[in-house]
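2 protein chains.
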Amino acid sequence: MTARATGGSAPEGYDKHAFEPFAVTVDLAVLTIRAGALDVLLVERGQEPYAGRWALPGGFVLPDESAETAARRELAEETGLADVSGLHLEQLRTYSEPGRDPRMRVVSVAFTALLPDAPEPRGGGDAAEARWRPYDTAGPLAFDHDRILADAHERVGAQLEYSCLATAFCPPEFTLGELQQVYETVWGGTLDRPNFRRKVLATPGFVEPVPGAARLTGGRGKPAALYRAGTAAALHPPLLRPPREGSPA
Amino acid sequence: MTARATGGSAPEGYDKHAFEPFAVTVDLAVLTIRAGALDVLLVERGQEPYAGRWALPGGFVLPDESAETAARRELAEETGLADVSGLHLEQLRTYSEPGRDPRMRVVSVAFTALLPDAPEPRGGGDAAEARWRPYDTAGPLAFDHDRILADAHERVGAQLEYSCLATAFCPPEFTLGELQQVYETVWGGTLDRPNFRRKVLATPGFVEPVPGAARLTGGRGKPAALYRAGTAAALHPPLLRPPREGSPA
DNA sequence: CCTCTTTATAGTCGTAGCGACTATTAATTC
DNA sequence: GAATTAATAGTCGCTACGACTATAAAGAGG
Chain A
1 MTARATGGSA PEGYDKHAFE PFAVTVDLAV LTIRAGALDV LLVERGQEPY
51 AGRWALPGGF VLPDESAETA ARRELAEETG LADVSGLHLE QLRTYSEPGR
101 DPRMRVVSVA FTALLPDAPE PRGGGDAAEA RWRPYDTAGP LAFDHDRILA
151 DAHERVGAQL EYSCLATAFC PPEFTLGELQ QVYETVWGGT LDRPNFRRKV
201 LATPGFVEPV PGAARLTGGR GKPAALYRAG TAAALHPPLL RPPREGSPA
Chain B
1 MTARATGGSA PEGYDKHAFE PFAVTVDLAV LTIRAGALDV LLVERGQEPY
51 AGRWALPGGF VLPDESAETA ARRELAEETG LADVSGLHLE QLRTYSEPGR
101 DPRMRVVSVA FTALLPDAPE PRGGGDAAEA RWRPYDTAGP LAFDHDRILA
151 DAHERVGAQL EYSCLATAFC PPEFTLGELQ QVYETVWGGT LDRPNFRRKV
201 LATPGFVEPV PGAARLTGGR GKPAALYRAG TAAALHPPLL RPPREGSPA
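So the protein lines, in turn, are chains A and B.
Going by the UniProt record's numbering, the first sequence runs without a break in its numbering and finishes at 249.
Going by the UniProt record's numbering, the second sequence runs without a break in its numbering and finishes at 249.
Just to be clear, a hint being listed does not mean it is correct.
Pairs of lysine to any residue, SDA-like flavour, derived with a Cα cap of 20 Å [as the list claims (entries may be wrong)]:
id: 1; chain 1: A; residue 1: K199; chain 2: B; residue 2: L240
id: 2; chain 1: A; residue 1: K199; chain 2: B; residue 2: T137
id: 3; chain 1: B; residue 1: K199; chain 2: A; residue 2: P243
id: 4; chain 1: B; residue 1: K199; chain 2: A; residue 2: P237
id: 5; chain 1: B; residue 1: K222; chain 2: B; residue 2: E154
id: 6; chain 1: B; residue 1: K222; chain 2: B; residue 2: R198
id: 7; chain 1: A; residue 1: K199; chain 2: B; residue 2: H236
Calculated from the structure, these hints are not laboratory results.
As the structure is a computational prediction, the values presented were derived from the model and not from experiment.
Kindly generate the complete structure, drawing on both the sequences and the hints.
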């Protein structure tokens, strides 16, 4: 059933308020790490407004979808991945400023998605060309997508402290060096390797060793032991970000 | 399939037949602490569906409003407070399951609001009677409001750990005992008073003493020093919740 | 082959934070 | 004025953590 609710045609219970139907969309901040840099998936706009500018992938929520379902569908379309069921997808927040789209009233539910490997995106369907772009030089983006992307970055950075989210950037089996690089890339600094190792291994359920003493050969140094994501969801104790300069008075 | 608003092949502007308009509402989880118990502001529904059941206050987002603006307007209407500009209001998440309202497609942006004192709510406008109810015996609520309320509780509990949010439950000047009671009420346990005091005072910017060595008299024991909310937004180091039983293997 | 480089892993040391606990102080109540 | 209540001060021992050093195991290049 379609809601044509402007004026007096609102359903029972809503008729005391006049309300305007809004378009509801999802926007995706799809993040990955390639060559030690944080990359974001962007699409190039072909028409006004913001023609030629890059934007976050997204689209309308269909009548029988939740926002989460729509976001996962868009994620599959934009990345071209066959199976996105295991990927980390999380609602960020909703952006509803009246003027955020000059054409009409659009309320957008933003999501953050994290990918381990980074396949080159295949432009799905009629979508404009999609590409990985470095996070640092991504902007300025169309609409309020700069802010959405910044919010996503901040949220992911904060969640690395107290959740196992970092493993979502890693392949199924990974070394502690790769895991550390996730933290360093998202937080933008360097961490002490022995200390990082001690903290990760001291946190129960964060990672577990791959059976058989598997090691990753082919690198330049000593082969690293392989680990899998553990069963814990939260980190106790948390892995706190080193404080920025100037914090302690 | 469906034309995409951000796609390259769509004609000028949005294709009006590509999406279905949704009603967009806000729902508020308004929390306070009264007599050492966590209370939530609820309204009684007068009509189907869920007639006679309690629900979170909320309403439609008007055409010229953002969701935040609508939430603050609803907060003022439901609580009857003249000035809600200083109250803590924060977006929680958006609920968009297709069947969450049996009448029509409603996407609801949920907010959490924290109040220090607890004036008896005046039923604002045509709203049904609004009342403070204890959090523990609030359910079952109408629609998916049980889940929204639970999500709000969990979010607030988590934010107490690493933000100064607890002061939002307190009046402008408060004692450390009152602040501790906020933590105990939301987390549902007891904290050691000397240790709590030491941690709060050791966190720069969390609280600052009221000038003049002001103290709160009239209580039964030794008068407590009065404090104000500090200037910091985040807590360094965080005030971690005591681990639940069974967490360490 | 031997050595240098690179990376992983092991361990040390001093400090800060924190949980558990005891002691003291200053008000009200009986 | 003694008992009660609550705030504040302080102690003790353990753990976590940052900074640092040392060792092990691979490839690179002569």
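Restraint status (C-alpha distance of K222(B) to R198(B) at most 20 Å):
At roughly 18 Å apart (the allowed maximum being 20 Å), R198(B) and K222(B) satisfy the hint.
Does P243(A) sit within 20 Å of K199(B), going by the straight-line distance between their CA atoms?
holds (18 Å)
Regarding the pair K199(A) and H236(B), is the alpha-carbon distance no greater than 20 Å?
Answer holds: K199(A) to H236(B) is near 19 Å, not above 20 Å.
Just to be careful, I want the Cα atoms of K199(B) and P237(A) compared with a cutoff of 20 Å; is the pair within it?
With Cα atoms ~17 Å apart, K199(B) and P237(A) stay inside 20 Å; holds.
Verify the proposed pairing of K199(A) with T137(B), using a straight-line Cα cut of 20 Å.
violated (41 Å)
With the threshold set at 20 Å, check whether the alpha-carbon distance from K199(A) to L240(B) stays at or below it.
With Cα atoms ~17 Å apart, K199(A) and L240(B) stay inside 20 Å; holds.
Are K222(B) and E154(B) close enough, with their CA atoms no more than 20 Å apart?
violated (34 Å)
The earlier numbered hints that this structure contradicts are 2 and 5.
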